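Engineer: Spelled out from the first residue to the last, the chains are:
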Amino acid sequence: MARNLKSLSSRMIFAVLLINAVLLPILSYGMLTVVRNVQEDFFTDHIRIYSRVFADLLQSNDTLTSKAEILASLDSAILGGRCVYAAFNMGDSRLISSLMEAGDGDKFVEDFRFGEHDDGVYYLSIPLQSGEISAVLELGFDEQPTLLEMESARETILTIVLVYLLVTVVLVIVLSGLMTRPLRRLRRDSRKVASGDYTRQMSVKSQIFEISELTRDLEHMRSTLVGINDRLEGEIVSREMAEAERRKAEIYLRHTHRLQSIGTLAGGVAHEFNNVLLPMLLYTDLALEDLPRDSPVRPKLERVVKLANRAKGLSEQILTFGRPAGEALEATPDIAPVIDEAMSMVRALIPANIEIQLDIERPVGPMLCNCNEIQQLVVNLCNNAYQSLSSGRNVIKVGLENQRVTAELAGKYPSLQEGAYVRLRVSDTGEGMDSATIERIFDPFFTTREVGEGTGLGLSVVHGIVVKHDGEIVVASEVGVGTTIDVYFPQSDD
Amino acid sequence: MRARVAQFLLITALVLTATTSRADVAVVLVADKDSPIESISSLNIRKVYLGIPVTIGGHAVRGFRRRDDERLNQIFLQSVIAMSERSYERRLLSLVLKFGTPRPTEVDNHGELLESLANNSSSIAYMWKSEAESNSNLKIIRVLWQET
Chain R
1 MARNLKSLSS RMIFAVLLIN AVLLPILSYG MLTVVRNVQE DFFTDHIRIY
51 SRVFADLLQS NDTLTSKAEI LASLDSAILG GRCVYAAFNM GDSRLISSLM
101 EAGDGDKFVE DFRFGEHDDG VYYLSIPLQS GEISAVLELG FDEQPTLLEM
151 ESARETILTI VLVYLLVTVV LVIVLSGLMT RPLRRLRRDS RKVASGDYTR
201 QMSVKSQIFE ISELTRDLEH MRSTLVGIND RLEGEIVSRE MAEAERRKAE
251 IYLRHTHRLQ SIGTLAGGVA HEFNNVLLPM LLYTDLALED LPRDSPVRPK
301 LERVVKLANR AKGLSEQILT FGRPAGEALE ATPDIAPVID EAMSMVRALI
351 PANIEIQLDI ERPVGPMLCN CNEIQQLVVN LCNNAYQSLS SGRNVIKVGL
401 ENQRVTAELA GKYPSLQEGA YVRLRVSDTG EGMDSATIER IFDPFFTTRE
451 VGEGTGLGLS VVHGIVVKHD GEIVVASEVG VGTTIDVYFP QSDD
Chain Z
1 MRARVAQFLL ITALVLTATT SRADVAVVLV ADKDSPIESI SSLNIRKVYL
51 GIPVTIGGHA VRGFRRRDDE RLNQIFLQSV IAMSERSYER RLLSLVLKFG
101 TPRPTEVDNH GELLESLANN SSSIAYMWKS EAESNSNLKI IRVLWQET
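Chains as they are written, first to last, in this note's numbering: chain R, 1 to 494; chain Z, 1 to 148.
The hints are simulated quantities; they were obtained by calculation from the structure and are not laboratory data. Computed from a prediction, not measured in an experiment: that's the story for all the values here. Beta carbons are placed, not taken as given, at the ideal position from N, Cα and C, and that holds for glycine. Treat the hints with care, as some may be off.
Said to hold, decoys possible - Which bits of chain Z does chain R cover? Going by a derived footprint, with three or more residues having C-beta under 8 Å, they are:
no., stretch
1, 66–79
2, 82–92
Said to hold, decoys possible - Reference excerpt, derived from the structure (chain R facing chain Z, CB under 7 Å, subset only):
no., residue
3, 41
4, 49
5, 52
6, 136
As the list claims (entries may be wrong) - SDA-like mimics (lysine to any residue), calculated; alpha carbons at most 20 Å apart, straight line:
no., chain 1, residue 1, chain 2, residue 2
7, Z, 47, R, 60
8, R, 107, Z, 25
9, Z, 129, Z, 118
10, R, 107, Z, 146
11, R, 107, Z, 148
12, Z, 129, R, 134
13, Z, 47, R, 46
14, Z, 47, R, 45
If we strip away everything but chain R, and leave its shape as in the complex, we get (with noise of 0.2 Å):
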């Protein structure tokens, strides 16, 4: 009710009662002034005139002496129109013509204003003069017919007042329906925009100027936000894809990081254990070389020798991984024989029943390396596939190319750099891996065979070399489809 009360039409009604409230009764009221003043002077210039003229007649026309004829006059008088009353008075003689009842006259007294007593009789005298003789004529005129023409004007224009006032509120709900229809129409699209309904193109058309720019401003403001609503949710999208980037670019740091204090420990740890197997090993030689040949003691000194070595192998190994430095890189204009001849090694180390793909490029490179490292490199990651390997058709894939880096992939691996590089990619068709153990496969010792059946250090020793010659590992694997290892070395330039 309150809502409908502060709508446009009904303001408008209201606004229009309020002034038709002010005004009409000021205009009725002046209307009817002007009618009263009207109707009012008209009869008294009528009886005025009238009793005028009538006394005149009598003071010419040597009337007054005969009785006879003044009562005649005062009959045609009383017959001639509204007078209702005549009376002469000469001295104590009085002659009356009158309509009204008997006694009537007794009543009057002169007015000189209309409907100046409530008799209904408009009460005048005139002296009267002719020679000698004075008298006073006395006129008395009906009110009443002048009163009705009053009333019935009064009627009228209220009349008129009250159609017009009803016509004005009519015209006033039919225009602001008209006016408010479009508003409406606004409103509705407003709202289905707000909700979301950007499309929603607002096409109001209406004849009001003020309303028809409203319509296009608001057609403004909706096309401006749909377009900033475009460019926020591209903005949205690019920042998400930034955001994911940025945590990809995180983990991989982190996990360099973790490869970087593991490899120092690694290394220390291998350095001191180092330190510690020489001299195991040095003076064990000397205990051999003293002992004769029969001695029961030699065989089990020859064991330990043979461990020790084997501890020192391990220690290398772990060496590789923490100090990626060591044998100098040579140039190496074709990289692909060398992979050849890791390949042989592998073909005699994996079992025949194993099929091993090979898609090498000829040649690949120039770059930098130490042949040696990067045989061993795939070895391991070969050794590593064929560990991965169940039952079923297991096939070893070895691929090596020349690769361009992208900006996109160089983005991703901060290692990386948008250029030319060799791409080295073994992928099997094993069980494959969880992102959890993606994330630790380069830690030392960390293996997910039996204890016992493997060292665990086989990728680090490959993640070791791989850094030595800075290249970059990228693995993708999927839990019982596969693993995919792709190595990248930078090509040199010459």
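Knowing the structure of chain R, use the given hints to seat chain Z on it.
Structural biologist: Same frame as chain R, but now just chain Z:
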């Protein structure tokens, strides 16, 4: 008994006084005592006050009108002019605009009226009979209206 006599005398005096005053209430046409105007018909009086030239004894008669007494004004309009006030004003305005005739001179009070009559011997004016009788410089030409 004495009280009844006094009451009778009082009533008689009041009746006589009322009768006398009633007879005296009249409006008369006056002119200066030296005015050449001795009589004038009611028609000529209307002419004078409607702005129509009237000459008596070779003198153009001029009318003066008081505006400070409303009852006197209404009696004048009803008994002399025989028009409503608005009709009279319209008529005067019409004559002034159409023919350039001078409208009757209007004065604001009785003193000014007496002074105007004294300065214009061929002029006439209307006033209460009692006022006219109390001034020896005026002469009453005729009775225009009297209370019945």
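Engineer: Hint by hint, which ones does this structure get wrong, listed from lowest number up?
Structural biologist: Of the numbered hints given earlier, the structure breaks none, since each of them holds.
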